[in-house]
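These protein sequence lines map, in sequence, to chains F and A. Under my numbering, the first sequence has 266 at position 281, and the numbering climbs by one with no breaks. Under my numbering, the second sequence has 114 at position 37, and the numbering climbs by one with no breaks.
Quick caveat, the hints were computed from the structure, so don't treat them as lab data. Since we're looking at a predicted model, the values are computed, not measured. Watch out, some of these pointers could steer you wrong.
[As the list claims (entries may be wrong)] Ranges between beta-carbon positions, derived for each pair:
| id | chain 1 | residue 1 | chain 2 | residue 2 | range |
| --- | --- | --- | --- | --- | --- |
| 1 | F | Ser188 | A | Ser246 | 52 to 62 Å |
| 2 | F | Ile133 | A | Ala209 | 38 to 48 Å |
| 3 | F | Trp(-8) | A | Asn85 | 27 to 37 Å |
| 4 | A | Arg98 | F | Met23 | 39 to 49 Å |
| 5 | F | Leu259 | A | Ala208 | 25 to 35 Å |
| 6 | A | Ala209 | F | Arg190 | 25 to 35 Å |
| 7 | F | Arg190 | A | Ala208 | 22 to 32 Å |
| 8 | A | Arg316 | F | Arg15 | 49 to 59 Å |
| 9 | A | Gly144 | F | Val118 | 36 to 46 Å |
| 10 | A | Gly94 | F | Asp124 | 43 to 53 Å |
| 11 | A | Gly120 | F | Met23 | 42 to 52 Å |
The C-beta atom is built at its ideal place from N, Cα and C for all residues, glycine as well.
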Amino acid sequence: MATMTEWLRDPSPSSRLQARLGQSYLAWLRMRRNPLAMVGLFIILLLLAMAAFAPWLATHDPLTQNLGQRLLPPGTPGHWLGTDDFGRDIWSRIVYGSRITLYIVTLVAVTAPLLGLMIGTVAGYFGGWVDQVLMRITDIFLAFPRLILALALVAVLGPGIENAVLAIALTAWPPYARVARAETLTVRTSDYIAAVRLQGAGSGRIIWGHVMPMCLPSVIIRVTLDMAGVILIAAGLGFLGLGVQPPTPEWGLMISSGRKFLFEQWWVATMPGLAIFIVSLGFNLLGDGLRDVLDPRSSGK
Amino acid sequence: MSMIEIENLSVHYPAKGQLVRAVEGVSLRVGEKDSFGLVGESGSGKSTILRAICGLAPVSAGTIRIGGEPVPTPRGRAFSRRVQMVFQDPYASLHPRHTLDRTLSEPLAIHGIGGSDARVVRALEDVGLPAAFRFRYPHQLSGGQRQRVAIARALMLEPEILLLDEPTSALDASVQAETLNLLNRLRAERGLTFLMVSHDLAVIDHMCDRVLVMQHGRAVEELTREALAGAQMKTDYARTLFEASADRMLGS
């Protein structure tokens, strides 16, 4: 273990891999000093574990209905979070629902920032009419409330989990484009970009290899902070019946089905609500911590 | 034959609604393997001339010829292999998220030159840095070491002409001398042509055979090293500039 950390902290790394891992290790050390970020990371890891080990953690099949045991309160032996209106175990449904949440979050986190990064860096780097056209398109997307736009897209594409993801990704990219463009504008006049241009590099190489790495930290921070919003929109679409379709155990859908008995059987809607709350909180805390670690302005030279 | 020929160069660009006349009708000639200095206070347009040669500032009038041929716009890869530049601030001229290895091998990758491993190690040794520094990031180096990396990067494509934009003004005195000696050594070894900008006549005196004094974007006076050492200036401005740094020049 000691030799491992020594290897990571070696001031003169002997390979690309060691240099990169060493930098990540230092970032990890900085992040470990922030207890809230560690709480966030712990929650996200818990979500990952929950999704991975769902069949072992769930006490019941999430889809099996048992009308004899409907609407049992939390604490009932065998159903410690209670059951819903079809007698399905709420704990098992939340455990399996984490897979769907994670699926949506991952797909959105992979597609939307990439699209935003490309549009933002291209607009910022070239400037002029390219910038005008791309940023006005971005403005058009930003002019609509996200949920409304997602609703419109799902209404066109038809309900379902893939279409929900597509709709969320298409509404989520404009802020990333904005962030990336702002970052690009500060970077593009710098001497290191002038130097690589002087070496004869083409625009593609400069944008991909030299501008994007500088935009990445602020975009990653933004993505983690936005993940809570993505979960909420996915849940909102599910709640409105436009996202995941029943009987799939999706958290928003579960809240929606519990709405009818909110006052008598509060747990049906509250338990998945709590799950959404905790996971959103986890992403927000992690995002705050990542900002301290990745932000080039706070980490110094 | 002249390596760099500049005739009546003017650089005007709009900034905040006003036209800035950064350079007005400056001409100069730098012979092969010569070292030519541009000196003047800040804002005199000396750095702008270098940037105009590289295509980083717009040429409003006049011509720039490298090796007898007018420079193309955009400058293109052939230009990159002849002319390279070392920037003033070594803290700003290296990509903060690239290792030295990446910074130095990038020009090779752009021009499709193979054998980058050996070339990078040799480049580091040429500028007096240990090969163990290869995978460090710029923030793990001192200012002087960074400037050595910047010089190594400029030499990766084996150019004939090196444009030096105040290469030592961001460094402290002892490191300054080391860096200047390194540049002199590399020039002697590789037969480079230098066009060097400085506000410090002492640096110019140490480095250059001829010097052009500039003020407010115009050429004031051209001096040889002998004229500079003998304080034989014709214009008042050049004399004032000389007197400001004379004591340090005698010391060196």
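Results for each hint:
no. : hint                               : in the structure
1   : Ser188(F) to Ser246(A): 52 to 62 Å : violated, 31 Å
2   : Ile133(F) to Ala209(A): 38 to 48 Å : violated, 58 Å
3   : Trp(-8)(F) to Asn85(A): 27 to 37 Å : violated, 60 Å
4   : Arg98(A) to Met23(F): 39 to 49 Å   : violated, 58 Å
5   : Leu259(F) to Ala208(A): 25 to 35 Å : violated, 57 Å
6   : Ala209(A) to Arg190(F): 25 to 35 Å : holds, 28 Å
7   : Arg190(F) to Ala208(A): 22 to 32 Å : holds, 26 Å
8   : Arg316(A) to Arg15(F): 49 to 59 Å  : holds, 55 Å
9   : Gly144(A) to Val118(F): 36 to 46 Å : holds, 41 Å
10  : Gly94(A) to Asp124(F): 43 to 53 Å  : violated, 25 Å
11  : Gly120(A) to Met23(F): 42 to 52 Å  : holds, 51 Å
Hints 1, 2, 3, 4, 5 and 10 from the list above are not met by this structure, while the remaining hints are.
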